[in-house]
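Single-letter residue listing:
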Amino acid sequence: MWHKTFAGLFSGLIFLLFVPTALSLFAPTFTALMITLSIVLLIPAWAGIMTHCYAAQSNKQAWFRAVKYSLPSGLLYFCAYLIMGFPLGLSAQ
Amino acid sequence: MNKQTLKQLTDAHSWLGLIISGALMIVFVCGSLSFFKHNIHAWEQYHHQDKKLSDTILSPAEITKIILDRNYNIPADHRVLLIFPSDNTPYYQAYFSTETEDGQHQRFQLFLDPDTGKELDETKQNYYLAEYLYKLHIDLNIPAGKEIIGIVSLIFLVIIFSGILIHLRKLIKYFYQYRTKKTKDAYLDGHNLIGVTSLPYTFIYALTGVMFNLSILFQAGFGYLVYQGDIDALSQTSGFTSPTNIQTSGQPMNWQDIDLAVDDANQKLSGAKVYLAKIFAFGDENAQVELRLVDTNSVTERLTITYPLKNYQESSQVHVLDNPVQGTFHILKQLHYGNFGGFTLLIVYFLLGISCCYLILSGNLIWLEKRAIHRNKDKRKSLHFVQSMTLCLSIGCLIAVALCFVGTRFLPMHLARTDFLPYLFTAGLAFSFTHAFIVKNSRLVMQQQAIAAALLFMLCPIFDALILLLNGSSQGSLTDMLLVNFICLSISGFCFLFAYIKQIKPPGFNPSITTLPTEILNKG
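Quick mapping for you: the protein sequence lines, in order, are chains A and B. My numbering numbers the first residue of the first sequence as 32 and each following residue consecutively. My numbering numbers the first residue of the second sequence as 894 and each following residue consecutively.
Pulled out of the complex, with its shape left as it was, chain B reads as follows:
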């Protein structure tokens, strides 16, 4: 590869990395934490847990009867999704749409008490941190976020490819190279070392990111170029089918058999339990219930069983590997979630995710300092703004997430965190931007903000340890509490380490070089 091509690739690698660094940092930080979503949910409730799932809850059939008795006008080709309660979400959830006389649809989301069947007001959830982090991971909690993440994932794949090509000749020979004498080399070497080591991980995440978020392209492409807009035919081929063409009889639904169907399904796949039901032609005699079993310890085990409620014994089942599209989608999904490898793999995935944060932060700093050195040639006023924005969205993301943890632990219970956490996250980013704008020296900003994030992440573990020592244990899960605090301390340790590396200055390094001289600003 000639020098010119390498230069073009290096430019593309740097610019693209800088442009997507903010979104990618949020996705990686929140995604890494979302591996422990259920643990974080339990951690949130540790000091307040007053509601656990009792042994005598209503069955799915009884909950279905409660919804049935409300006489919603649910069209036969729609489905009612019923999610069963668990220790982390101790209530039934029902999702469906009704149809009005003028053909308009209205979406419903019900939260039902598993003991009484009464509707709960869950619009103001007190325990929102785990869900909020997951939402940030999948769509940044902004409109069209899913599509943005899809594009970001595609660009991330380009960055991976360009990085491989740039580093190709030194990939094996200098794999163990880590020079600590010169600071620039230290984080450039760290960037390369982590980049090469985490290559399979980053590749699978970039690929699945595009697959999850831009699957509409395949739907549109195959749907119109092959099937002439017949999306049902495409769904049939790709295995995304549901029993929608059910002939209704007008007779009442045999709702009692839902429990028999669930019991039967629970015997079909060892290591898996039914956790949700989809009911089609709801309320009619010919209604069908679709149950799905996923063995999370395996990459390939997923069973979908459809029971006609008229006679539940005439069930039909489909294994995920029966269809190549379903099989590929499911395997890549499992590789993305990492549940199949148990707790050990989740920890490995978490560490790799945090390593990717180092990739983003070190990459940004390399670019900012390189740019600052060459700024006299460029004479760009906007560098300082770009620098502040980049720092705010990269290292500031850690501060924002840490603030969400602190807010969750220390805010009073009556304050609805569904409303409050997004403000807290934005406040963290705003603080980071302001600090970066005032201090100007990118190295110093990174160092100070990394220390601030480290201290914030330490607050909750210290508080929990004190409470535990003074008051003893609560009703909550001690294992989850210890695990999440360990994760907070790990991120805190990572931030301290990052700040320490940035503190080492290379020979002849002048921090003031990163601030723009007044005469250049005046000249424009």
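One chain only, chain A, in its complex shape:
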């Protein structure tokens, strides 16, 4: 149970943080919209990922599912970081 809990909690959190921030880096003018979408859609998505991990047959499967969510999210942010450059100078806007 603990494995499933932590797998879901952390992968959901990574998904919640990296996906909207990566999209914000790609489209800085829509950052406010991304924050809004994070509240309305990505909080339920976080709980959805946790539910998916709890539904796993074993701890190993739960961690595998967690990686399936967190790794692409991390990669997406990494790509945004590389492509769009950092810092973006958003604070000047």
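Do not rely on the hints blindly, as some may be mistaken.
Stretch by stretch, here's where chain A covers chain B in the computed footprint (C-beta under 8 Å, at least three residues) [claimed, not checked]:
1. 956-967
2. 1105-1118
Label pairs and their computed distance ranges (CB to CB) [to be verified]:
3. Q1210(B) to K99(A): 46 to 56 Å
4. K99(A) to T1189(B): 42 to 52 Å
5. S89(A) to L1092(B): 25 to 35 Å
6. I912(B) to A76(A): 36 to 46 Å
Hints are computed from structural coordinates only; laboratory data are not their basis. All C-beta atoms in this analysis are idealised placements derived from N, C-alpha and C, irrespective of residue type, glycine included.
With chain A's structure known, arrange chain B on it following the hints.
Only chain B this time, still in chain A's reference frame:
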């Protein structure tokens, strides 16, 4: 969905429900009562009310002058928050921080008499029940309670999702199924029926619970991953801005214009009145006052107006929907509070909140009895302790809240309830735990404690009715008194109903099965 997945989801649903049931029960019971926070505050004072808001109180500008004359060293980038008096809180409240020479900050909280401007000692409030219940609702009155409630809300969302998935195939077909012949089915059916019916309500509460309490995650995430730690830029984007970069001139503040600004703001949004003011660069000529108007009858109407006190006519205003983050936050907040639908919606919300208490209690009992039947396989000594703890935090919460109501009504006035109510609440939980530990039979414990809570909740309405019949009315609000007593009677009725359902035993049910045999305990 295959059987294995369903089993995993059912396990997660049961375990998570059990773990968070205590905190969730407190949040739901106190939250449901907090819909009537102002009414409870008036109810507390009904027999003692000697102070009402007079018609000739000092204006916000005059109160500002009183604070100004005390020469506090308030930095220009800080704000002074001034909350105006109302019938329920008949005094001005001022909150601000001062800065010492070595850069240390000291927080101040002043309560000022609206007639004389003299400082009141409100550290020992006599009327604390409404505030205490609200505090329990938002942070359980414990350190880091806000974050705990945030995590609990997230887990509650997981429980909702897993519950939907478990019940998905029967969601519509068996929606009206409520079997009264077998007890287990009766509360399992009740659990499912209420769970499905209250789904939109529970979903919005779980979502807003995470949003209110874990918003630090968004701040940290966007602040560091997008804005490189520039929190001001993030605040600018999300609309949480305040006029903090004010250039001070060293000239005195035009405090008289605060009243003109308030009068002007009161004309801007029909159905709303200014109830607080935030003053930035306090004491300086370039000070600015920010006033906020919220139309509680609407989900979307909120106006923030900033007035430079040098010339209040050069005001600027921002509507909440001008920024998507502010708009979403405000709409979800309004959906959480339910004021926009008037009194009817508050009653509906209250009933749904109490229904959720049934969800928690029935869910716990289903788990405890299922666990007790399979205990021979598990051979766990800890079951009895877990059972007592679960019962104490679920049904015991009703006893604890009822004790707070009784204490508020019957304790002598000189006893400061700010200090006393938390002890009373803890005593209620301790009693519940001890009772559950001694009696052992979970069904019997639930039944007896539900009856005890019902009787306690009945005491205040009976007492008030007697006083009313013998002495006539007092200076207090009769409507508020009747409403809160009606709410107490509703909860009492709910507890009696719950105890009655638990009394029905299924065919072949043996209550002694829930007590652990000695040989199993000895074997460990």
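Outcome of the hint check:
1. Residue count for the segment 956-967 of chain B with a Cβ under 8 Å from a Cβ of chain A: 0. That is fewer than the three needed, and the coverage hint is violated.
2. Figure legend: the segment 1105-1118 of chain B, annotated as covered by chain A; annotation consistent (5 residues with Cβ-Cβ distances under 8 Å, at least 3 required).
3. Our hint of 46 to 56 Å for Q1210(B) and K99(A) holds, since their Cβ atoms are close to 48 Å apart.
4. With their beta carbons about 45 Å apart, K99(A) and T1189(B) fall inside the hinted range of 42 to 52 Å.
5. Checked against the hint of 25 to 35 Å, the C-beta distance between S89(A) and L1092(B) comes to roughly 30 Å, which is consistent with it.
6. Checked against the hint of 36 to 46 Å, the C-beta distance between I912(B) and A76(A) comes to roughly 22 Å, which is inconsistent with it.
In summary, the structure is inconsistent with hints 1 and 6 from the numbered list given earlier, while agreeing with the others.
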